[in-house]
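> Single-letter residue listing:
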Amino acid sequence: MALTHHHMKKIYLYSRFERFWHWTQSVLIVLLMVTGLEVHGLFNLFGFERAVDLHNTFGISWLVLFVFIIFWLLTTGEWKQYIPTSKKLFAVARYYAVGIFKGEDHPVHKSSGAKHNPLQRLVYLGLSAILLPLQMVTGLLYWTYNDWVAYGINFVSLETVANVHMGCAYALLAFLIVHIYMTTTGHSITAHVAAMFSGWEEVPVDYKVEEWEVHKKS
Amino acid sequence: MGFIRRSVLALATVAFLCGPVFGASDDAPGIEMARQATKGKELWITADHSKFDVLKQPFTKGPEVTQACLTCHTEAGHQFHKTIHWTWLDPKAEKEMGIGKGGLVMNNFCINIQSNEPRCTSCHAGYGWKDKNFDFSSQKKIDCLVCHEQTGTYKKFPAGAGNPAPPPGMKFKGNGKYYKSPDWNKVAQSVSRPTRANCGTCHFYGGGGDGVKHGDLDSSMRMPSKNLDVHMSMEGQKFECTRCHTTVKHQIAGRIYSNPAATDRKSLLEDDLGAKIMCESCHSATPHKSEIGMKLNDHTDKVACQSCHIPTFARELPTKMWWDWSQAGRKKDGKAYVVKGEWGKPTYMTKKGDMRWEKDVIPEYYWFNGTIESITAKTVVDPSLPVQVSRPIGSSKDSKSRIMPFKVHRGKTPYDIVNKNMIIPHLFGKDEAAYWKGYDWVKASAAGMAYAGLPFSGNVGFVETEYVYPITHMVAPKDNVLACEACHSKQSRLSNLNSFYMPRRDSNRVVDAGGWFIVIASAVGVILHALGRIFIKGRKED
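Those sequence lines, one after another, are chains A and B. To convert a position in the first sequence, counted from 1, into my numbering, add 512. To convert a position in the second sequence, counted from 1, into my numbering, add 2.
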């Protein structure tokens, strides 16, 4: 193990609600992926009718959960974890491309002020500010197709909505694959996953948190 | 509000997997209304016709009975003269256009009644329409009995121009059956509101035989099982035709020519009046209960109820699907002959040509606004394509159109090669020009076209034709409705309706290809990355 020479300490990083929303969201996304791909015609599992019904139900559930997540992010100030930065961005990218193979240290370690490294910040911001809302808006439009006339929606076709929704789904699936793989890059294979369940993450004792990695709780 | 309700429901979601029951439930508001109207039918009858002296006089023919009827039902004659059961013409179209089977409209069965009247008009609700001199203004020519008698013994002679066989009766060569002359007093005294048997007398046998034309109307609909028709079944609601085909002053709701049978897709649940011809009249536009039902209800603006609820037609008896007149006229040993196939139905007749019958037929689907457009013998046609002698009007862009199932009867029928119009052949008659006598298309065409007052070049060809019937009867029980996949799949029943996007049937190649590319690239990327970590780390530890 590359980091065994460090003394490690445990820090409480992920609050109960944070873990709850992360795992509920992940379950919903997997269920949406399965039912959505069935609706798209990839396989037969539930049957079209039930797949559509489940997909709608999961989709609306996710939407409701998402509202709670955003509310939580705004009220706790945790939204600041997603402020993008270019500091150490290249270093992190270089680490995953080269350093990780050489047994180097990760250039950024987690702290309560900076749960996400600069690359994660960028990806998660894009995800939660662009991809997920786009998926939800197109899903909602798809779902309410029959009410478009009543809503006065005539600037978009069902085909466009369906294609954007599908495109986002593929992007999410690609994200999911990389995201799951990245959990194995901690100081042990399961460290990150374990932290997401317990809330406690192990970080080196001697790691000096830089100023940009700290944000004031407000 | 629906959104909030759905959202709340959605949150309580996961218990949902074993989910709700789908389908129209027995508490549909229209069912109660229908029950009220059908229950206690007897109470509505305030006259026993067997007690009327006017019906006890010695009748010898139909018009005498009609005159007796009219002594009490003084307005019935005027009323009936205005209906299409009498005129066989579309009341909304100009008379010169000849829209309607009594005019110049073509079909691809026996084609047109002009010059063939005695055979075709045996289904006319009148007596003696044997040629174009028939007096349409005479009230006593109306046949009240064919629709109202209840003995089941009243039969018109198939080639009798609407008249029953004269006493004592006659054999009809066409089917070898003997037709008795009616007991006029008995049938006259039995009259009541029309039943399925009355309507079926003509509408089950259109085209000269059981199930030939419609495919969703044949003799199996006289006493249908619940599987065949959930409304008319003897185990169920026992609806008569008149339950939906409501009638005001003898005007029966439901004809489809160049004007829709019903224009307003309104529910009549609020005001229990008007024509109940649409499914929605009783079931409303949101007939499905349960959570899944809400998605099904979303379809009712685009999909006719019939499309899902009549999965196939001709479910018990076969219907004719193909009729090639160009093969008619072949003889065996100098004689006309008939070849019978499956179900005892003719597959070849010297008189009629090749025919194909099918059972349990999957309908074809078209956008339909309730209007069917027909061509006439005057219409210029393009013989390089199948000629649509009738076709449904509608489009996916039209908010009044919905996807509707149809029987499409195809065949080859004669047309004028030079003038490029369909031919009205003289088929029936004792003269040599009649095709069924002389088997000469040129003579038969010349005679038929001359009778209709239309030009004929003398050159007969055959062109493929299509004729459509909306499929609207034989509504299956809810357990037998089409599954969503019947349309929402790559093998969609609606594969010919491609002017709109349909989930699962349609997808965008670029989105799919690009999407799978990034997904697979990500997977390959992480696998290579993982291998790299394992491989390089392993080497370092050496």
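Note that these hints are calculated values from the structure, not bench results. Be aware that one or more of the hints could be misleading.
[Stated by the list, open to error] Below, simulated SDA-like cross-link-like pairs (lysine to any residue); rule was C-alpha separation at most 20 angstroms, straight line: (1) A:Lys614 / B:Arg332; (2) B:Lys402 / A:Trp660; (3) A:Lys614 / B:Lys492; (4) B:Lys297 / A:Ala662; (5) B:Lys304 / A:Lys614; (6) B:Lys480 / A:Phe560; (7) B:Lys492 / A:His552; (8) B:Lys539 / A:Tyr663; (9) B:Lys297 / A:Trp660; (10) B:Lys297 / A:Arg531; (11) B:Lys399 / A:Tyr663; (12) B:Lys480 / A:Ala662; (13) B:Lys402 / A:Gly664.
> Given the hinted pair Lys480 of chain B and Phe560 of chain A, is their alpha-carbon gap at most 20 angstroms?
18 angstroms, holds
> Hey, Lys492 of chain B versus His552 of chain A, does the alpha-carbon distance stay inside 20 angstroms?
10 angstroms, holds
> Between the alpha carbons of Lys402 of chain B and Gly664 of chain A, is the straight-line distance 20 angstroms or under?
Judged against 20 angstroms, a Cα distance of about 18 angstroms means the pair holds.
> Measure nothing beyond the straight line between the CA atoms of Lys614 of chain A and Arg332 of chain B; if it is 20 angstroms or shorter, mark the hint as holding.
91 angstroms, violated
> With the threshold set at 20 angstroms, check whether the alpha-carbon distance from Lys399 of chain B to Tyr663 of chain A stays at or below it.
Holds - the C-alpha atoms of Tyr663 of chain A and Lys399 of chain B are around 18 angstroms apart, at most 20 angstroms.
> Straight-line Cα separation of Lys480 of chain B and Ala662 of chain A no greater than 20 angstroms?
30 angstroms, violated
> Mind checking the alpha carbons of Lys297 of chain B and Ala662 of chain A for me, to see if they're no more than 20 angstroms apart?
Since the Cα atoms of Lys297 of chain B and Ala662 of chain A sit roughly 17 angstroms apart, the hinted pair holds (cutoff 20 angstroms).
> Verify the proposed pairing of Lys304 of chain B with Lys614 of chain A, using a straight-line Cα cut of 20 angstroms.
Status violated; Cα separation ~62 angstroms.
> Holds or violated: are the alpha carbons of Lys539 of chain B and Tyr663 of chain A at most 20 angstroms from each other?
59 angstroms, violated
> Hey, Lys297 of chain B versus Arg531 of chain A, does the alpha-carbon distance stay inside 20 angstroms?
Violated, because 34 angstroms separates the two Cα atoms, which is more than 20 angstroms.
> Would you check the hint for Lys402 of chain B and Trp660 of chain A, treating anything up to 20 angstroms between C-alpha atoms as holding?
16 angstroms, holds
> When you check the alpha-carbon spacing of Lys614 of chain A and Lys492 of chain B, does it fall within 20 angstroms?
50 angstroms, violated
Of the numbered hints stated above, those contradicted by the structure are hints 1, 3, 5, 8, 10 and 12, listed in ascending order.
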